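Work out the full structure: start from the sequences and follow the hints.
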Amino acid sequence: MKRILVLLTGGTITMVRNHKSGALRPADVDTFKAFVPEMFAGDMEVEMLPFTPLIDSSDISPANWAKMANAIADNYNRYDGFVVLHGTDTMSYSASALSFMLENIAKPVVFTGSQLPVGVLRSDAKENLLAAIEIAAATSPDGKPMVPEVTICFEDSLFRANRTTKKNAERFEAFDSYNYPALAKIGIHIQFRTSLIRYPKSYHEPLFLHTPTSTDVAILKLFPGINEAVVRAVLATPHLQGVVLETYGSGNAPSAHWLYQALRQATDSGILIVNKTQCSTGSVDMGQYEVARNLLKAGVISGYDITTEALLTKMMVLLAQFPGDLERVRHLLSRSICGEMTVG
83 MKRILVLLTG GTITMVRNHK SGALRPADVD TFKAFVPEMF AGDMEVEMLP
133 FTPLIDSSDI SPANWAKMAN AIADNYNRYD GFVVLHGTDT MSYSASALSF
183 MLENIAKPVV FTGSQLPVGV LRSDAKENLL AAIEIAAATS PDGKPMVPEV
233 TICFEDSLFR ANRTTKKNAE RFEAFDSYNY PALAKIGIHI QFRTSLIRYP
283 KSYHEPLFLH TPTSTDVAIL KLFPGINEAV VRAVLATPHL QGVVLETYGS
333 GNAPSAHWLY QALRQATDSG ILIVNKTQCS TGSVDMGQYE VARNLLKAGV
383 ISGYDITTEA LLTKMMVLLA QFPGDLERVR HLLSRSICGE MTVG
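Residue numbers for the sequence shown follow our numbering, beginning at 83 and rising by one.
For the record, the hints were derived by calculation from the structure and aren't laboratory data. These figures come from a predicted structure and were not determined experimentally. Incorrect hints may have been included.
[Unchecked claim] The list that follows gives simulated cross-link-like pairs (lysine-lysine, DSS-like), each with its CA atoms no further than 27 Å apart:
id	residue 1	residue 2
1	Lys-303	Lys-84
2	Lys-248	Lys-303
3	Lys-267	Lys-283
4	Lys-115	Lys-102
5	Lys-208	Lys-248
6	Lys-267	Lys-208
7	Lys-226	Lys-283
8	Lys-249	Lys-283
9	Lys-283	Lys-84
10	Lys-84	Lys-226
11	Lys-303	Lys-208
12	Lys-249	Lys-267
13	Lys-267	Lys-226
14	Lys-303	Lys-379
15	Lys-115	Lys-149
16	Lys-208	Lys-115
As structure tokens, then:
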């Protein structure tokens, strides 16, 4: 019998409606269980671990990521898989962060949530949760976990977590993975695409945690008319170590000399700047246009087809993992660690 641990961190999926006031409130574990009795009716053992207090996903912080990662590590040998219930607004950030924090992961960690609370008649909570539990318990013919990586299960798809972005605030299809196909499609049957799933070289390596994070990072999004004062204000942020530079198209930026100078001075001072296209689909190619080559000359690193969520959390984890070793961090930012980007 497979054993699955469900972490309740908060979010819409954990909410129920107060019948008197009509307001939504967090559900306690017993109330939540009562809405989804099917969790305990299958051929697997499901246990729940609630966070106290439950957290609105807008309030999620790196400390919460560390708490999630530690909860998984503390229970790693007792369970076959893990499901994390989380609010949708920052789920891609949290799930991406855990993909970098949990080194040598060899068991499923499936994030899910819902667009409507579990206590609402048309809620998508039950469907998403039951699918996530089934995926967390699924094994291949050789008995190994079917999806031994950090993923997001939502509506009819299972995605690699660090490839996802929340795309819709109203529809049940809330997430997408624009630059990497879904790992599974969920219908009457769950169709796993094993050729797309990352499998560990060894299932016997110990799980290693990287929970410290650096928050000395920023996102600088370019736009027509952006001025020098704005750019320099961001780059002059005290203690700044890393910047996600959101550029146009295939990684292009204005050709203004002041922009090149500002970026060059920042990289010379030890700030790591990574080029991330503002487009949902496609990759950075800093050798294609002259305006992109200027970024290359300024010491900007290519982020290829990584998402902003994955790039930011990867940067935060690496900067804390290798403090003071900028060359090591720079090298790792330009290569794929756990399937978060397609290099080259």
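Problem - Distance restraint between Lys-303 and Lys-379, which requires alpha-carbon spacing of 27 Å or less - result: 19 Å, holds
Problem - Lys-303 paired with Lys-84 [C-alpha distance capped at 27 Å] - result: Judged against 27 Å, a Cα distance of about 45 Å means the pair is violated.
Practice task
Quickly compare the C-alpha distance for Lys-248 and Lys-303 to 27 Å and report which way the hint goes.
Solution key: Holds. Lys-248 to Lys-303 sits at ~18 Å (cutoff 27 Å).
Problem - Holds or violated: Lys-84 to Lys-226, with C-alpha atoms at most 27 Å apart - result: 12 Å, holds
Handout entry: Given pair status - Lys-84, Lys-283, alpha carbons within 27 Å
Key = 23 Å, holds
Exercise for the section: For the pair supplied as a hint, Lys-226 and Lys-283, confirm whether the alpha-carbon distance does not exceed 27 Å. Expected result: Between Lys-226 and Lys-283 the Cα gap is close to 12 Å, so the pair holds against 27 Å.
Exercise for the section: Would you mind confirming whether the straight-line C-alpha gap from Lys-208 to Lys-248 stays at or under 27 Å? Expected result: 20 Å, holds
Exercise for the section: For the pair supplied as a hint, Lys-249 and Lys-283, confirm whether the alpha-carbon distance does not exceed 27 Å. Expected result: 33 Å, violated
Problem - Restraint check for Lys-267 with Lys-208, where alpha carbons must lie at most 27 Å apart - result: It holds: about 17 Å lies between the C-alpha atoms, which stays within 27 Å.
Problem - Hinted pair Lys-249 and Lys-267, Cα distance within 27 Å - result: 18 Å, holds
Problem - Straight-line alpha-carbon gap Lys-208 to Lys-115, limit 27 Å - result: 11 Å, holds
Handout entry: Restraint check for Lys-267 with Lys-226, where alpha carbons must lie at most 27 Å apart
Key = Status holds; Cα separation ~20 Å.
Violated hints for the displayed structure, listed by number in ascending order: 1, 8, 11.
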